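There are 2 protein chains.
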Amino acid sequence: MRKYERLFFCGINDLNDELREMIRENDWGGLILYPNVIQDTYKLTEFFNIIESNGKKCLISSDHEGGQIETIPFIPPFPGNMALGKTRPEYARKYAYLSGNIMKSIGFNTVFAPVLDLYTPKNSAVVGFRTLGGEPVKVAKYSNEMLKGYKDAGILACVKHFPGHGKAFTDSHEMDVIIDASPEALKSEDFVPFKLAIESGVELIMTAHVIYSSIDTLPATLSKKVINDILKNEFEYDGVVLTDAIEMKAISEKFSPKEILEKFFNAGGDMILLSNGVKNFPIFYKALEELLNEGRIDENKLENSVVKIKKLIDRYYHKQSVGFINSTVEESIEVNFDNVKPALNVILLIPQPQKMSQADILSDHYIKIEKLARKILGAKIFRYDMKKPKKVDLPGDALIIDIIVDTFKNENLLKFHKSLPQNTIYVISHDPYDKKFFEDRNYAITYSMTPVSITAIFKRVKEFLSGF
Amino acid sequence: MRKYERLFFCGINDLNDELREMIRENDWGGLILYPNVIQDTYKLTEFFNIIESNGKKCLISSDHEGGQIETIPFIPPFPGNMALGKTRPEYARKYAYLSGNIMKSIGFNTVFAPVLDLYTPKNSAVVGFRTLGGEPVKVAKYSNEMLKGYKDAGILACVKHFPGHGKAFTDSHEMDVIIDASPEALKSEDFVPFKLAIESGVELIMTAHVIYSSIDTLPATLSKKVINDILKNEFEYDGVVLTDAIEMKAISEKFSPKEILEKFFNAGGDMILLSNGVKNFPIFYKALEELLNEGRIDENKLENSVVKIKKLIDRYYHKQSVGFINSTVEESIEVNFDNVKPALNVILLIPQPQKMSQADILSDHYIKIEKLARKILGAKIFRYDMKKPKKVDLPGDALIIDIIVDTFKNENLLKFHKSLPQNTIYVISHDPYDKKFFEDRNYAITYSMTPVSITAIFKRVKEFLSGF
Chain F
2 MRKYERLFFC GINDLNDELR EMIRENDWGG LILYPNVIQD TYKLTEFFNI
52 IESNGKKCLI SSDHEGGQIE TIPFIPPFPG NMALGKTRPE YARKYAYLSG
102 NIMKSIGFNT VFAPVLDLYT PKNSAVVGFR TLGGEPVKVA KYSNEMLKGY
152 KDAGILACVK HFPGHGKAFT DSHEMDVIID ASPEALKSED FVPFKLAIES
202 GVELIMTAHV IYSSIDTLPA TLSKKVINDI LKNEFEYDGV VLTDAIEMKA
252 ISEKFSPKEI LEKFFNAGGD MILLSNGVKN FPIFYKALEE LLNEGRIDEN
302 KLENSVVKIK KLIDRYYHKQ SVGFINSTVE ESIEVNFDNV KPALNVILLI
352 PQPQKMSQAD ILSDHYIKIE KLARKILGAK IFRYDMKKPK KVDLPGDALI
402 IDIIVDTFKN ENLLKFHKSL PQNTIYVISH DPYDKKFFED RNYAITYSMT
452 PVSITAIFKR VKEFLSGF
Chain W
2 MRKYERLFFC GINDLNDELR EMIRENDWGG LILYPNVIQD TYKLTEFFNI
52 IESNGKKCLI SSDHEGGQIE TIPFIPPFPG NMALGKTRPE YARKYAYLSG
102 NIMKSIGFNT VFAPVLDLYT PKNSAVVGFR TLGGEPVKVA KYSNEMLKGY
152 KDAGILACVK HFPGHGKAFT DSHEMDVIID ASPEALKSED FVPFKLAIES
202 GVELIMTAHV IYSSIDTLPA TLSKKVINDI LKNEFEYDGV VLTDAIEMKA
252 ISEKFSPKEI LEKFFNAGGD MILLSNGVKN FPIFYKALEE LLNEGRIDEN
302 KLENSVVKIK KLIDRYYHKQ SVGFINSTVE ESIEVNFDNV KPALNVILLI
352 PQPQKMSQAD ILSDHYIKIE KLARKILGAK IFRYDMKKPK KVDLPGDALI
402 IDIIVDTFKN ENLLKFHKSL PQNTIYVISH DPYDKKFFED RNYAITYSMT
452 PVSITAIFKR VKEFLSGF
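Same order as they appear, the protein sequences are chains F and W. Okay, so the first sequence: first residue is 2 according to the working numbering, each after it adds one. Okay, so the second sequence: first residue is 2 according to the working numbering, each after it adds one.
In isolation and in its complexed conformation, chain F is listed as follows (with noise of 0.2 Å):
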């Protein structure tokens, strides 16, 4: 392990090989899951499970703050937090709460949320449906119960974004952005709710990537007057720092790597959040070493961030996730794919959707299924009607995946499918008692039809092509 890697949150947008070695290897002080991983359930299960698999510790982060921003689908959906504040203290609690444990039992551990920002008149509605409302003091009590409501959920919670992003009219994700407000404005206003929340015990708090410019030429996120200055020796916070994304054109076309880091650490910062982490931590850590070779940034510094960090991963790092889905799904198949040849176009062979029973859902699966199978495998899908299937002109060069259900009860359906060409994979669903037609075949026993599993197989069959 090198010696600095809890100095950075990386941001994972997808989960592949390069990833998974990286994670290996390295001790990252946090992880910020985004939509396109946390909304696919095999990628998400996966994910914990490559961490508990590693053994790995850390803050695991989603930017789920209720409303607007939402990427936790396992979340009920709420209104957000401009109408929250329009309602009572109590809701604020008891939504970080409900949020707070489902994101704990799914295996998260820490929340970039509340958003202590103040609504400005005129704010659009992306930044406006985000904040608590305007008025410092009220904004300041809603936050504090969302707090408690994280705290007692044993979830960590991250402010943002230090000094206050309300009086901004411009998107940091897009351009510079500057705050000309007074010292004495910013005091009586935006700092009010960072003040109630840093004596109520926050552990970590979040930069903007805003020039106040009344107080410093340079972002907040760079800024000894408001990292040192204010926020650690006027306000007397002794947590952690964390910058907003560098990747944000406010800080990354204007400052390069070294820049950021030399300036960010000596003005009291301690981690640094990179929203692409496969991509951007090896060459910020190469930065980093530079700079310490060069004795342009203090190690005591570092060091003491470090010790930091690793005590809000032991006081927030548990080990309940979603993890064991992905083993579940993976323990309880079966594949045999001996004879698969390599085919440039996949097919899928589905039965018709109908209900059975009210207890049937297998027609819904379907569907789904049909529509993973063109997103994994840009398949084309043929469907067969289970009652009276009819034979299907099949193209010769192709692989076909055939989803076959209670076979063993339908003559003309058992025909049906071993008439199919040599290059079929059998995807047996839940009869291992019809297996025993398809032994001399490729096939694939799932023992479920929902879409977790069956992406499991598809994945299969997607790694077998592309190794040919």
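Errors might be hidden in some of the hints.
[To be verified] In silico lysine-lysine, DSSO-like type, Cα no more than 30 Å apart, as pairs: (1) W:Lys44 x W:Lys123; (2) F:Lys58 x F:Lys188; (3) F:Lys376 x W:Lys264; (4) W:Lys225 x W:Lys4; (5) F:Lys460 x F:Lys57; (6) W:Lys463 x W:Lys381; (7) W:Lys264 x W:Lys196; (8) F:Lys369 x W:Lys123; (9) W:Lys225 x F:Lys436; (10) F:Lys44 x W:Lys87; (11) W:Lys149 x F:Lys58; (12) F:Lys123 x W:Lys391; (13) W:Lys139 x F:Lys436; (14) W:Lys44 x F:Lys369; (15) F:Lys320 x W:Lys139; (16) F:Lys372 x W:Lys225; (17) F:Lys142 x W:Lys320; (18) W:Lys87 x F:Lys168; (19) W:Lys87 x W:Lys149; (20) W:Lys225 x W:Lys320; (21) W:Lys168 x F:Lys388; (22) F:Lys87 x F:Lys44; (23) W:Lys463 x W:Lys416.
Treat the hints as calculated values from the structure; they're not laboratory data. Keep in mind the model is a prediction, meaning the values are calculated, not measured.
Got chain F sorted already, so can you dock chain W onto it with the hints?
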């Protein structure tokens, strides 16, 4: 409160005034939510709000078994029991704990799971997927782990379907089911998982509407030999005995409500499951009163059942739920419908989807809102371009719902909105600043563009129109 309402477990298929009143008036022992309510966030949160605001304590359940039957959308998808049975018992416990935790967060305190039925070769896929396998000791072991997981999560588990449905080849939803197995075969196979569950302290058991011809000519649900002699005397089970849904044809087509109640309670059963509570509870309660008047059921027996059911409620009822989400929605919106005129047709005007920033999911909301407008109000949809709004030709007799976002930023946009016919409701999504332009018109302020908040507006419009 009538004396024996606790003896009924009622199914909730939808929310309407009739149900709201029945919930207020009755103290049912249990309520089971079906997908139409669970999978509609507005209805789900409203349901829990009704329960809480009426101070009702009762068992609240779902059929969420995992895999083939998953009714709660907030629990991660699972391959299901049959696949699970091919892996490790620890995953069974983990799945029950994960799903139990999320159930509890939502507001449930009971689940009709795990399934203890044995897989039999040639079981149809629909039944087969729901079983943990065919080996009695293994099914007992895995289901026992599930019971531990639910218990750890604070969820009351209901094992089913006593004394074992696995040897059935027909569907009791649709017809008579008879199992001809010998007493020895049942004892050494189907009974095994139930015996272990009882030894482990299971507190709720659901009966099968299956005739076990070697035991009795009556279905297990109505059989004194099954419930009293085997389950209570032989297995020494002292918990609550619940029927499977009485509406299933295997029971409802052969026995009258009075026959069902008389036989079930006299056989030693405690609780009747009505999948259509609103329709069937009055019928069954009337039948129960007649039986009591005629002295055909022992009152002491019923009182004893009520005591047992109350104990379960005291042990498992909890106050955490998503009910506050409904309160947040309802308390945050502001409506002025003073000049809304009756109309047969509703038209929704909504911005064309377009991504404005990385953090923007408004576009996704627009698409969902269109669907809601069609579903709730039967509305026709007109999309407008926020950058270049063009005059649309609207039928003069319609009510127009105009979704407006950031109007104050664009004079043309404002003119476009203001030029609409008088019978328009302006839905001001986020900025009360926009309100001043529409104060003399009909409007609704949501402070949110999430589907759950917009649903609330559409529901109010619908109510308002139906009031004319």
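Status of the hints after comparison with the structure:
Using a Cα cut-off of 30 Å, the hinted pair Lys44 (chain W) and Lys123 (chain W) is violated, with the two alpha carbons roughly 39 Å apart. Among the hinted pairs, Lys58 (chain F) with Lys188 (chain F) is inconsistent with the structure: their alpha-carbon atoms are about 38 Å apart, more than 30 Å. Note on Lys376 (chain F) and Lys264 (chain W): the hinted pairing is violated, with a Cα-Cα distance of about 54 Å set against a maximum of 30 Å. For the hint pairing Lys225 (chain W) with Lys4 (chain W), the CA-to-CA distance comes to about 24 Å; that is within 30 Å, so the pair holds.
Our distance criterion of 30 Å between C-alpha atoms is met by Lys460 (chain F) and Lys57 (chain F), whose separation comes to about 25 Å. The straight-line distance between the Cα atoms of Lys463 (chain W) and Lys381 (chain W) is roughly 14 Å, inside the 30 Å bound, and the hint therefore holds. Between Lys264 (chain W) and Lys196 (chain W), the direct Cα distance comes to roughly 24 Å. Compliance with the 30 Å bound is thereby established for this hinted pair. About 26 Å separates the Cα atoms of Lys369 (chain F) and Lys123 (chain W), which keeps this hinted pair within 30 Å; it holds.
For the hint linking Lys225 (chain W) to Lys436 (chain F), the alpha-carbon distance of about 42 Å lies beyond 30 Å, and the restraint is violated. About 22 Å separates the Cα atoms of Lys44 (chain F) and Lys87 (chain W), which keeps this hinted pair within 30 Å; it holds. Distance check on the hinted pair: Lys149 (chain W) and Lys58 (chain F) sit about 27 Å apart at the alpha-carbon level, within 30 Å; holds. About 24 Å separates the Cα atoms of Lys123 (chain F) and Lys391 (chain W), which keeps this hinted pair within 30 Å; it holds.
For the hint linking Lys139 (chain W) to Lys436 (chain F), the alpha-carbon distance of about 22 Å falls within 30 Å, and the restraint holds. Between the alpha carbons of Lys44 (chain W) and Lys369 (chain F) the distance comes to roughly 25 Å, so the proposed pair stays at or under 30 Å and holds. Between Lys320 (chain F) and Lys139 (chain W), the direct Cα distance comes to roughly 27 Å. Compliance with the 30 Å bound is thereby established for this hinted pair. Restraint check for Lys372 (chain F) and Lys225 (chain W): the C-alpha separation of about 50 Å exceeds 30 Å, so the hint is violated.
In summary, the hint linking Lys142 (chain F) to Lys320 (chain W) is supported, as the alpha carbons are separated by about 24 Å, within the 30 Å threshold. For the hint pairing Lys87 (chain W) with Lys168 (chain F), the CA-to-CA distance comes to about 57 Å; that exceeds 30 Å, so the pair is violated. Annotation: proposed proximity of Lys87 (chain W) to Lys149 (chain W) holds, straight-line Cα distance about 19 Å (limit 30 Å). In summary, the hint linking Lys225 (chain W) to Lys320 (chain W) is not supported, as the alpha carbons are separated by about 37 Å, beyond the 30 Å threshold.
Our distance criterion of 30 Å between C-alpha atoms is met by Lys168 (chain W) and Lys388 (chain F), whose separation comes to about 24 Å. Distance hint between Lys87 (chain F) and Lys44 (chain F) is unfulfilled; the C-alpha atoms sit about 37 Å from each other, more than 30 Å. For the proposed pair Lys463 (chain W) and Lys416 (chain W), the alpha carbon gap of about 27 Å is at most 30 Å, so the pair holds.
The structure fails to meet hints 1, 2, 3, 9, 16, 18, 20, 22 from the earlier list, while all remaining hints are met.
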